[in-house]
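Asker: Listed below are the residues making up each chain.
There are 2 protein chains.
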Amino acid sequence: MTATLRDVARLAGVSFKTVSNVVNDHPYVSDTTRAKVQAAIDELGYRPNRQARSLRSGRTGAIGLAVPELSLAYFAQLADEVITAAEKRDVVVVIEQTGGDRRRELDVLSGPRRQMTDGLLFSPLGLSNDDGGLLAVDFPLVLLGERIFDGPVDHVTMENVDAARAATEHLLDLGRRRIAALGAHEGEVIGSAGLRLSGYHAALEARGIAYDDALVVDAGPWHRINGAEAMRALLERGVEFDAVFALNDELALGALRVMQEQGIRVPDDVAIIGFDDVDEGKYSLPSLSTVDPGRREIARLAVEVLLERIESGPEAPRRELRSAYRIVERESTGVLQPQG
Amino acid sequence: MTATLRDVARLAGVSFKTVSNVVNDHPYVSDTTRAKVQAAIDELGYRPNRQARSLRSGRTGAIGLAVPELSLAYFAQLADEVITAAEKRDVVVVIEQTGGDRRRELDVLSGPRRQMTDGLLFSPLGLSNDDGGLLAVDFPLVLLGERIFDGPVDHVTMENVDAARAATEHLLDLGRRRIAALGAHEGEVIGSAGLRLSGYHAALEARGIAYDDALVVDAGPWHRINGAEAMRALLERGVEFDAVFALNDELALGALRVMQEQGIRVPDDVAIIGFDDVDEGKYSLPSLSTVDPGRREIARLAVEVLLERIESGPEAPRRELRSAYRIVERESTGVLQPQG
DNA sequence: GTGCGGCCATACAACGTTGTAACACCGGTG
DNA sequence: CACCGGTGTTACAACGTTGTATGGCCGCAC
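Those protein sequences? They're chains A and B, same order as listed.
Here the first sequence stands for residues 1 to 340, where the numbers follow full-length UniProt numbering.
Here the second sequence stands for residues 1 to 340, where the numbers follow full-length UniProt numbering.
Because the hints were derived from the structure by calculation, they are not lab data.
Treat the hints with care, since some could be wrong.
Same chains, same label: a pair holds when it works inside one copy or across any pair of copies.
When the alpha-carbon atoms are kept at most 16 Å apart in a straight line, the in silico EDC-like pairs for lysine to aspartate or glutamate are as follows [what the hints assert, rightly or not]:
#: 1; residue 1: K282; residue 2: E229
#: 2; residue 1: K17; residue 2: D90
#: 3; residue 1: K36; residue 2: D7
#: 4; residue 1: K17; residue 2: E236
#: 5; residue 1: K88; residue 2: D107
#: 6; residue 1: K17; residue 2: D7
#: 7; residue 1: K17; residue 2: D131
#: 8; residue 1: K36; residue 2: D25
Since we're looking at a predicted model, the values are computed, not measured.
Take these sequences, add in the hints, and give me the full structure.
Answerer: Following this line, the structure appears as structure tokens:
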């Protein structure tokens, strides 16, 4: 069907290895043979067979990306940017979804799919700090978005604590004092929820504001619907609050919706800020203030670090990179004004 | 490093081909040898090497999915469901983004990446009807979402025309008569825009309502921002309208936002319906009525059809499948009421 | 006792590629 | 003129797997 080295060789009247040498730009091929072979290649439309190359080289030219689910806007946009960054490096991306489930996340680490890729970008959600040891795998692995202390692997992560602190301070700067936090995960310390909450605590503490347990609301997965439910729960408790820090934008948008149903004016009665800077936040009414965690930079760095790890092997020193964050002020914590 | 057939064979004291026979459940292997070999496999943790298998079999165990971009919620959710469906069939998905650009869409069809996959699910946006011939490729290809007449390939598509007609009729049933259409693509006939617009026309015609060119607004890519711009353009024209059919949900959400900025009450002054049933529509205020085009079914069918095509070769008859659609009534065309 | 057919196991080749070693050829040097 | 080093090309093996052909062994029938 498709042409092979041998076919080209036959047509050019040389050995098939010479064709291979031409294709791989080996030295010591005379200009005349090179031209002859090139002509044959063009005539037959020869393209090297990837599986054969893989078998020989042990490289697949693919990397894996394991995320909770693409339906979450943050991960869809992350995947978008990872794919774009990988394409520039001539690498394809195989996406796996874990649903944020610990078991499925562990499966991803040992599953048969690892053979299809040269390495994995992994954004875990269900793993706890105790699982750190399980990350000592024998293939190139870069962790995204989570920070598991002293883990044995490369990390590219956002400044969860500092950024959350800045978000909370932004609300404090507006004069708000009763700031609810939406989306806690009971008992979690080192996941995104735990880290962002600790930034929230730090901000309150620094300003000498008492921490009120009643203002912190647990939520399951960070979907919009859970943001809505968390807000309903908060309202039912009857606690006073004048601001909301939602641990991500989806939660914020769900909460926003419920507040509006209840006639709460945003930002007049309650200001709200999210986290992630997903596109929807620009278009909600009011538009949503948020933290831009540097998603594009994360994607770019992650691909970079993974490819370097693949290149350099397990002995190279472990790397931990953080992207720069930025508070994005929009209407939900500011003045209502027309926006794109 | 990792064990091969030969390693297992050495340990079990048989030829490596016998190990292969055990792994592949070949007949004519005695129970005793089978047990012996199995023990060796377990001891060494042997896993067949995928690239070697691919080289031998010509199959990669991967399929491609080419979409405009994952940042568009519809495609993210489609990708989610394609990956899930593929996983059940033990196939991985390699995602490529075309940006909806004709050139890049053509590249996808001939690019080197085709070698990495056994077939392609392709959701084109920039191709025109004239490009139909270019779809006569020599690898398994299933088209998604678009309908190119008499194309040479399998299709899994939604009922664009009928569903758009039903959406328009839904607005007509509410007594609306001046229905704007947002998101047209000038001159397009067979793309989603063209098809949905023709459903819009059909509905008007059936009810004997005059078609007014001023009510149809062009837009570029179906992003929220373009929906916002289209609505602004419509308002600037100063034409009267009491309803909006946005050709997809993102456009609708962008338009909704602008209407609210302008103090237009939805649905009281203007009712609006979108298309695609993306998650955000459930949580906007008001929540967005839309058409559920049967995305999950499309994903499932598409994977099914593609795998069958891969299995049965190019001679098998061409298939064209349509998913069932459903009008989803929410607040933007109905009564305001609390929703999840 | 020879021949035959069913069962089991093995040897060999092939998939298409690349690394290594070997082999010709050439001009220049001793 | 034999030798040598550099250049260009080739042969061979290997990556790990599976299909095909082959070859033993056994028991049964003639």
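Asker: Hint by hint, note whether the structure agrees.
Answerer: Verification of the hints:
Taking the closest pair of Cα atoms, K282 and E229 come within 16 Å of each other only across two copies (14 Å); inside a single copy the shortest separation is 22 Å, beyond that limit. With identical chains, the CA atoms of K17 and D90 are never at most 16 Å apart, being 25 Å at best within one copy and 36 Å at best between copies. Taking the shortest Cα distances, K36 and D7 sit within 16 Å of each other inside one copy (14 Å), while across copies they are farther apart (43 Å). Taking the closest pair of Cα atoms, K17 and E236 never come within 16 Å of each other, the shortest separation being 76 Å inside a single copy and 69 Å across copies.
For a Cα distance limit of 16 Å, the shortest separation of K88 from D107 across copies, 15 Å, qualifies, whereas the shortest one inside one copy, 29 Å, does not. For the identical chains of this complex, K17 and D7 are intra-copy neighbours only, at 12 Å inside a copy versus 30 Å across copies, given an alpha-carbon limit of 16 Å. Taking the closest pair of Cα atoms, K17 and D131 never come within 16 Å of each other, the shortest separation being 49 Å inside a single copy and 39 Å across copies. For the identical chains of this complex, K36 and D25 are intra-copy neighbours only, at 14 Å inside a copy versus 48 Å across copies, given an alpha-carbon limit of 16 Å.
Comparing the model with each numbered hint stated earlier shows that hints 2, 4, 7 do not hold.
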